[in-house]
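Single-letter residue listing:
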Amino acid sequence: MNRMPTWADVILVPLVSLLLAAFFSAIVLLAIGENPWEALKLMVEGSVGSTYAWGYTLYYATNFIFTGLAVAVANHAKLFNIGAEGQAQLGGLGVALVCLFLPFPHWSIALIVAICAGALFGAAWAAIPAFLQAKRGSHIVITTIMFNFIANALLVYLLVNVLKPSGTMEPATASFPDAAHLPSFNAMFSSEETVRFRGAPANVSFFVAVAACIGVWALIWRTRLGYQLRAFGHSESAARYAGISPTKIIMVAMLISGGLAGCMAINNVMGEAERLVLNSVEGAGFIGIAVALMGRSHPFGVFLAALLFGFLYQGGAELALWASIPREMIVVIQALVILFTGALDNMVRAPIERIFNRVGRPPKPERKLEPAE
Amino acid sequence: DPAIIYDLGGKFDKSFNESAFNGATMWADETGGSFAEVELQSDAQREQALRRFAEAGNNPIVMAGFSFETPLNEIAPDYPDTTFVIIDAVVDQPNVRSVIFNEHEGSYLVGVLAAMASETDTVGFVGGMDIPLIRKFACGYAQGVMATNPDATVVANMIGTTPEAWNDPAKASELTLAQISQDADVVYAAAGGSGLGVLQTAADEDIYGIGVDSNQNYLHPGQVLTSMVKQVDTAVYNAFSQGEDLETGLMVMGIENEGVGYAMDDNNADLISEEMMTAVDEAAAAINAGDIMVHDYTSDESCPAIDF
Amino acid sequence: MDLLTLLQVLDATVRLATPLLLACLAGLFSERAGIFDIGLEGKMLGGAFLSAAIAAVTGSVWLGLGAGIVAALLLSAIHGLASITFRGNQLISGVAINFFAQGLTVVIAQSWFGQGGRTPQLGDGSRFAGLTLPGAEALRDVPILGPIYYELISGHTILVYIAFLIVPLTWWVLYRTRYGLRLRAVGENPAAVDTAGVSVRGLRYSAIVICGVLTGIAGAQLATAEPAAGFIKDMTAGRGYIALAALIFAKWRPWYALFACLLFGFLQALELRPDLIQAVIGLRVQGQLLSALPYIMTVVILAGFVGKAIPPRAGGEPYVKER
Amino acid sequence: MADPVAAIELKGISKAFGPVQANKDISIRVMPGTIHGIIGENGAGKSTLMSILYGFYKADEGEIFINGKRTEIPDSQAAIGAGIGMVFQHFKLVENFTVLENIVLGAEDSAMLRPSLARARRELKALADEYELSVDPDAVIQEIGVGMQQRVEILKALYRGCDILILDEPTGVLTPAEADQLFRILNRLKDEGKTIILITHKLREIMDITERVSVMRRGEMVATVSTAETSPPELAELMVGRKVLLRVEKKPAKLGDKTLEVRGLRVVDDQGVERLRGIDFDIRAGEILGLAGVAGNGQSELLEVLGGYRIATGEVLLNGKPIDLTGSRSDGQSRRARGIAHVPEDRQAEGLIMDYTAWENTAFGYHHDHKYQANALFMKNAAIRADCEAKMKKFDVRPPDPMLLAKNFSGGNQQKIVVAREIERDPDLLLVGQPTRGVDIGAIEFIHQQIVALRDRGKAILLVSVELDEIMSLSDRIAVMFDGKIMGERKPGETDARELGLLMAGITDTTLPHSAAEVEAQLAERHGAAGKEV
Ligand SMILES: Nc1ncnc2c1ncn2[C@@H]1O[C@H](COP(=O)(O)OP(=O)(O)OP(=O)(O)O)[C@@H](O)[C@H]1O
Ligand SMILES: Nc1ncnc2c1ncn2[C@@H]1O[C@H](COP(=O)(O)OP(=O)(O)OP(=O)(O)O)[C@@H](O)[C@H]1O
Ligand SMILES: [Mg+2]
Ligand SMILES: [Mg+2]
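Residue numbers (this note's numbering), protein chains in the order written: chain A, 448 to 820; chain B, 19 to 326; chain C, -5 to 317; chain D, 238 to 771.
Bound-form chain A, shown alone (with noise of 0.2 Å):
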């Protein structure tokens, strides 16, 4: 509906929102007495200075992906799913589970089977939500927070109680044995000469993140499935009539989004801790939300979000590393980028819009429109 190209959309707007959201980060820092373009070097350079740098961004990144998807797929049918954060939880149980009682003869095996059940508990937990909002109309909204809330005491339980080794202080599983250990970048991408991605996180879960952004992509937009789950969402009355099962759609959408949050746990549980530790979701999964909604659950939109925040989160920790800025700050830089690039968007966009129609409009008033009909 505008003159605007496509470029300008999709670049211009959240550059510019970018540099809004650091232009007030940077006032914030003038403010507490820190040198904004201090800050900035060390982030940008612990981020994406060096192979180490990108092996944390890509960690983060991996798992804001599967939250991220996790939350978008459910936003297509129409279901706001706060609960990503309690089914990482608990696709994080079910890997632990698999890793530590199945013995793998090799890690591809261990990562599918891990995959698998990882995927399951945590659509299972995804599945009482969804059957409640199925069948009896209770809100997702309050269902999940609630069930977020749940998976914690759970995990409390299972960790302090039934999990944790004896004789340890951490409420942690036992490590997973070294067949279950995923090969890191570290492992995969160093040669002889060259070591790259030391000690840095990233694992091969990220490319079966990147997967997962092209399956949810393929499901939403080129399978059936996907097209009855869209419809759903834009309209519940239209999709009775075309015969599509509001039940099944809300269900099968949950289980969906429950799964790939619970795929997280690849990542994170698998992938990094090689244990299972309380509290290892960290809030990936609230960040999921603004992850989702940033990529206008848009599969790609999600991976560049994903990557934004995985920046964010990897360069604020190099803040707090090597500068005594309290790492609240990062917290408010993120809330600054969220707030520009995915609320007040309209605020850069309308007048970028109005620059380029008044440079785009020729002097011919009589243009011979066709009004569309």
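Source of the hints: derived by calculation from the structure; they are not laboratory data. All values derive from a computational prediction rather than experimental measurement.
Result set (DSS-like, lysine-lysine): computed pairs, CA atoms no more than 30 Å apart in a straight line:
id, chain 1, residue 1, chain 2, residue 2
1, D, Lys644, A, Lys695
2, A, Lys695, D, Lys617
3, A, Lys695, C, Lys302
4, C, Lys302, A, Lys525
5, D, Lys295, C, Lys315
Where chain B lies over chain C, by a calculated footprint (3+ residues, C-beta under 8 Å):
id, region
6, 0 to 14
7, 105 to 112
8, 226 to 235
9, 266 to 277
All C-beta atoms, glycine included, are put in the ideal place defined by N, C-alpha and C.
Given chain A, work out where chains B, C and D with the ligands should sit, using these hints.
Just chains B, C and D with the ligands, lined up with the frame of chain A:
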């Protein structure tokens, strides 16, 4: 330079991270030296921070928290020339010093005081997040109480199951009120930042609170019976002072070496009677002598004095 | 369970319900006007921080309350700007506000007080103390009613009474005033309001202002009203989300909101008293199960007794006339 | 200018929505105390123009004069202040408010609600008495029929004391009797000196009631003529730009076997109200059964049962074999598999996904179809797009762009997309609900032709419409529904609007002259008009 890594709670957790921070600051103030530090915000950063400091040549590297056990086990062999100090966990590597505290013993002592100070024969315990470490506190405390007054009741509650439990003074206050309505008149808080809510409410309701980790008697003079001090600051201070060539291996901080204990100062001098003083000192001596075995919850995940 | 114990549990219920209730009513105004607000948590946190900070600095709890309201209003203004003026996504804006408050409160507190994101502990005078209602002491010994009056009704802070008074006030505003009619209408069908010659934007902003004021009070209650005595990072601990759940539970109605919040408060109060649960059901409830209990009960009640909750129809959507 | 002062004068109004130029340099004068008609195809810009006059949209260019005085109308408040009232095409009512609340909304006289409501109640009663516009002030909007909602909209305008009343397609949803009553009211208002602008697609209404009529096409005002000096064919031609057939060309039906047999169909809704109370009828191959009736008498439920998304009891046979009514082994999908196609009554809520592109909507409901499937999982989007393009061409959907979102098509073209999708399935049984509601006459002509063509291919059609004209001209047989029952069946040649009207009111004894002489007179009058035009 030495370096210190705080756990996820952050260095101002009013608990052992803060204590560690105080120890480091104390060293810096005394020697004029400087140290590197970082607050983690994610589990994945443990390894990152350890390697960063090791590679930057920081030595020794102190870390506060049992969650470092696994990463440190992995990393320590990579940096044989660096000495690591881990607090609250045991890592069996040649270049690691493991410092653990007998919190159960210290808690036993404040349990003795609590039992004697209580007029209702009911005392409370408010824990932060329900993890083994906190149960260790609770268990030692309950043993001390029961040993002193077998008729006493210990009301124990945990604030929650998420890390938010460390920062929820509102709920801590409510728990304290709930314990008061169950007749508790001494409440021991082992709850990080939430503990402030416990001590505040205890003061408001005119009963006794017991502080934890550092000496918190000053928070509400005359209302904090004592504090179970856990000398994380000393551990950090010592590590920093001894520098690169500190002794590795297991180091147990107990009553004997004043790693744990109860706090006495002007703020609570009037609250502890001669009789109490005698009793608690006797108990301390008995523990040192091995006459009293305070059961450590984490040794076998069970507690003789209280159920979880 | 004797009367006194019951009263003590109910007393805790009232206190625990108060911040929820204020936040829930705040959300009610906002969502009734068609602006979804998952930023309640952040606004409460902002309110809690600034109220405690100013109370600590000035020693005046009333100035603190005012400051808390200002903080929540500023965050509300961001939400309004994003969701009304710039027709942005209300959910994203809410998420951003939550993060923003979570980070900024600590950053400011740290650089201001240097106590690790805490404000100093508030002494007497800089926090709201419980009020003893007239005659409470005198009537204390009257059987049944006396204890009820003394234990349950008397002794709360002024903010608790304000919160409970706001319920009928909300009802009255919503259903008995011109403003309420318009507010409800704008959340259902903004075009109807617009064509009736009333400003959609003005109404929505006014709702957001009310929401800010109420969340500000809720925050102040958390940080400066007895038994609280200061701000500590993340001290809202998910209460904003629970308030949101209560709002949906209450189907966006004021009296229902009261009952929903009291119910949540009651479940939380029960969690504080495992001894009572044990006395009633005869079984010791395992600790983690206990802390999950309020949430499990919520789901059970929701699934079992509360039917479908239909949100205000225009909620969440910016009012766009021209595609 | 020596002309008398116009009540409304618009000068050079232009308005663009993005690239769509909805109004181009439009000027129009409306004399006080007259009824002025505006007609035009779907999307011609009628609603936009009136919305500008009412301050809902802001014109890009142009001036507005009210009673000769230049008036800025930046918002609806200004319009109301200038004495303008408007009944929108899509009602602007708050669905879960009562009638009274909707009426006072924005016109309250104090900050307190109760006095306002009390006054409104009194005034409503006065208005009701004065104009025969009775409504239950305490009824909730979503629970009353569209006819009633229409009244509420008019009352809203009258309550605000308007001198100028704009009605945008007010009769689209009304029954004939309701429409007649509306026109009586409009005439009264006119006699009181009020100025009325009426937008409609029904030329008969224009001829009956207006003094002058303006014709719009593609955002431009193409003509304004005096009604007395024009004729429906001329208007139709002005509107569409070509000659339009105002009568359905139809060969006699060639009846085949019974395609659909319905026996003892009963439906109870969620509230426990019996919506269908024992329905029996048949449709043969090659036959159009028209189902007449006032909206809300069970027609919608019947369509939903046959369409597979409402459960019922009774028996329904399709081509002699029973279809499942319990919902356990059936849904919209299985109905389609059995050869039932369905053009739903509400294209926007059911027939289309407004946020899907045209091509995606082409597969809607048929997304299981083999020709749209690449394999068990994936759909063949290219095939669907090609199919869509073909259908758009055949059905003259404008613009013929498969990538456009459904919501960006005008109502008539949206309807064409639905009709194309369903008719092109070549179903054994076609269910059609309100096929031409809100559709311009050019498109009506086309849709009617397609329905008849399907019949001529030997298919059975169940046509549900509240437009008696449509029913009379398309059906081979007419059944009339009232209160969940079929009151009787008639042949179009052997009945008239009067008789059908009585049946629609539940009066089966149509041989006797009915006591409601007044109603009868109108119906007779309508019959005359209908005969002349359709
Ligand atoms: N709010 C809007 N935003 C964008 N485009 C619009 C909007 N409203 C109308 N249009 C477009 O403007 C043109 C004129 O629309 P308008 O509703 O005025 O037509 P109309 O003559 O009333 O048609 P109908 O007979 O179907 O009611 C159409 O192409 C329509 O798609
Ligand atoms: N070509 C078709 N045209 C119309 N309906 C069909 C067609 N094929 C299948 N159906 C109907 O669609 C329904 C489901 O069919 P099918 O088993 O092929 O899909 P499914 O994979 O179970 O569905 P979904 O994709 O919704 O999971 C059945 O009721 C079937 O009768
Ligand atoms: Mg299938
Ligand atoms: Mg129109």
